[in-house]
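If you want the building blocks of each chain, they are given just below.
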Amino acid sequence: MEENLPFVIFERPRRLPPNNSMIDEDFTKSLLEKHSYLTQRDSVDWLTVECAPEKLVSFVQSLRDLEGFEILIDLTAIDHGEGEEFRYSTVIHLYSLVHRGYVRIHSICADNDKPAMPSVSGIYPAANWHERETFDMFGIHFSDHPNLKRILMWDEYPYFPLRKDFPLAGIDTPLPADDVVEVTQASVEPAPMMGGPFVSPNSGSMSDSEPRAKDESWTEKKGKPV
Amino acid sequence: MHMTASDVAYNGKVEGDVIVTRADAVINWIRQHSVWPMPMGLACCAIELMASAASRYDISRFGMEVMRFSPRQSDCMIVAGTVTYKMAEVVRRIYDQMGDPKWVVAMGACASTGGMYRSYAVMQGVDNIVPVDVYVSGCPPRPEALLDAMMKLQDKIGRESSVRNLRKTKAVAAQ
Numbered sequence: 001m002e003e004n005l006p007f008v009i010f011e012r013p014r015r016l017p018p019n020n021s022m023i024d025e026d027f028t029k030s031l032l033e034k035h036s037y038l039t040q041r042d043s044v045d046w047l048t049v050e051c052a053p054e055k056l057v058s059f060v061q062s063l064r065d066l067e068g069f070e071i072l073i074d075l076t077a078i079d080h081g082e083g084e085e086f087r088y089s090t091v092i093h094l095y096s097l098v099h100r101g102y103v104r105i106h107s108i109c110a111d112n113d114k115p116a117m118p119s120v121s122g123i124y125p126a127a128n129w130h131e132r133e134t135f136d137m138f139g140i141h142f143s144d145h146p147n148l149k150r151i152l153m154w155d156e157y158p159y160f161p162l163r164k165d166f167p168l169a170g171i172d173t174p175l176p177a178d179d180v181v182e183v184t185q186a187s188v189e190p191a192p193m194m195g196g197p198f199v200s201p202n203s204g205s206m207s208d209s210e211p212r213a214k215d216e217s218w219t220e221k222k223g224k225p226v
Numbered sequence: 001m002h003m004t005a006s007d008v009a010y011n012g013k014v015e016g017d018v019i020v021t022r023a024d025a026v027i028n029w030i031r032q033h034s035v036w037p038m039p040m041g042l043a044c045c046a047i048e049l050m051a052s053a054a055s056r057y058d059i060s061r062f063g064m065e066v067m068r069f070s071p072r073q074s075d076c077m078i079v080a081g082t083v084t085y086k087m088a089e090v091v092r093r094i095y096d097q098m099g100d101p102k103w104v105v106a107m108g109a110c111a112s113t114g115g116m117y118r119s120y121a122v123m124q125g126v127d128n129i130v131p132v133d134v135y136v137s138g139c140p141p142r143p144e145a146l147l148d149a150m151m152k153l154q155d156k157i158g159r160e161s162s163v164r165n166l167r168k169t170k171a172v173a174a175q
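Here the protein sequences line up with chains V and Z, keeping their order.
Using the numbering used here, you'd call the opening residue of the first sequence number 1 and step up by one each time.
Using the numbering used here, you'd call the opening residue of the second sequence number 1 and step up by one each time.
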């Protein structure tokens, strides 16, 4: 059974922060003491804290101004799946050149139907596009964002593609340009998965390493085995 | 009298400044050897496209070195890369702005079929929105493959019934 899995699942090794990082137990302890609303989360590498959405902006502001976390590395979201009590959460990674290390902030969206989160783009301008992408892919609304509109998909696109209930192949949708549709009759159609996702084998000669389906037991001519 | 091969084929003293041939042959010969491509570079295929224009592969050997970045000045759109649904509309509009006659080369797996991107965001082949004349396989294709495709396109242009097409276009325009 296990050798039939399409992908190898690696066990992630526990990676401790490097020795020269100043984000150690003392830093963690003092940070949690200063901000009593935080709880520490289990993490394989860097310090990770759980922060309530209503405290997020003031906490991130104090991390930048008082603790020296100058750089916003990443801002994204997680869809924990339908049926979960809290379906969506956002994750912020900050880096400090002073401390030589990262801190990860996890915040849970309270509402599953209209997930919302305060915007940190007023503190880190870099968050602006990250939040637009998170809105585009997960449908999380960032309140007080200066320009919250889709960044990758077109404005009229009705779905949020990285949600768990959205199929990778896509869903039938009309294209936004009416005149082009009239001439070409093109529309967004679910992509034929055909045993995909399609990847290149990373070994062998170049002529054999064209992208191909992991499961080649079925094709357009031969149906998928039941 | 000593005669060379060129004397037999065409002798200016005998025939004057007259060559007898077919209109199709002349028109196609002209079109074939001055294809002005427009790079529709959308992904990594565009890098190979640039390589084929550079000195090592040198697309100018085939009369195609005049890469125009304006659709109004070009004959052949080389779609080099992944066509997303968001970009598809733009590709079609640029194609519409090209003057006739015009040709399209789908360069690489993505432009031909969507390639490895079987996903919600990628159009599964640019032939969904524009008529494609030559498809090039490869991910990305080597410059030799693109040059081969362009030579195939030259062959295809050489076989066209240009005069009949012109009459047809005129008839459509007159209606």
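No lab work stands behind these hints, which were simulated from the structure alone.
Any given hint could be a false lead.
Heads up, incomplete: computed chain Z residues facing chain V, CB under 10 Å, no partners named [to be verified]: (1) 84; (2) 120; (3) 129; (4) 138; (5) 144; (6) 152; (7) 155; (8) 156.
Owing to the predicted nature of the structure, the values given are computational and were not obtained by experimental measurement.
C-beta: ideal position from N, C-alpha, C; glycine also.
(message) Flag every earlier hint the structure violates by its number, smallest first.
(response) The structure conflicts with hints 5, 6, 7 and 8, although it agrees with all the remaining ones.
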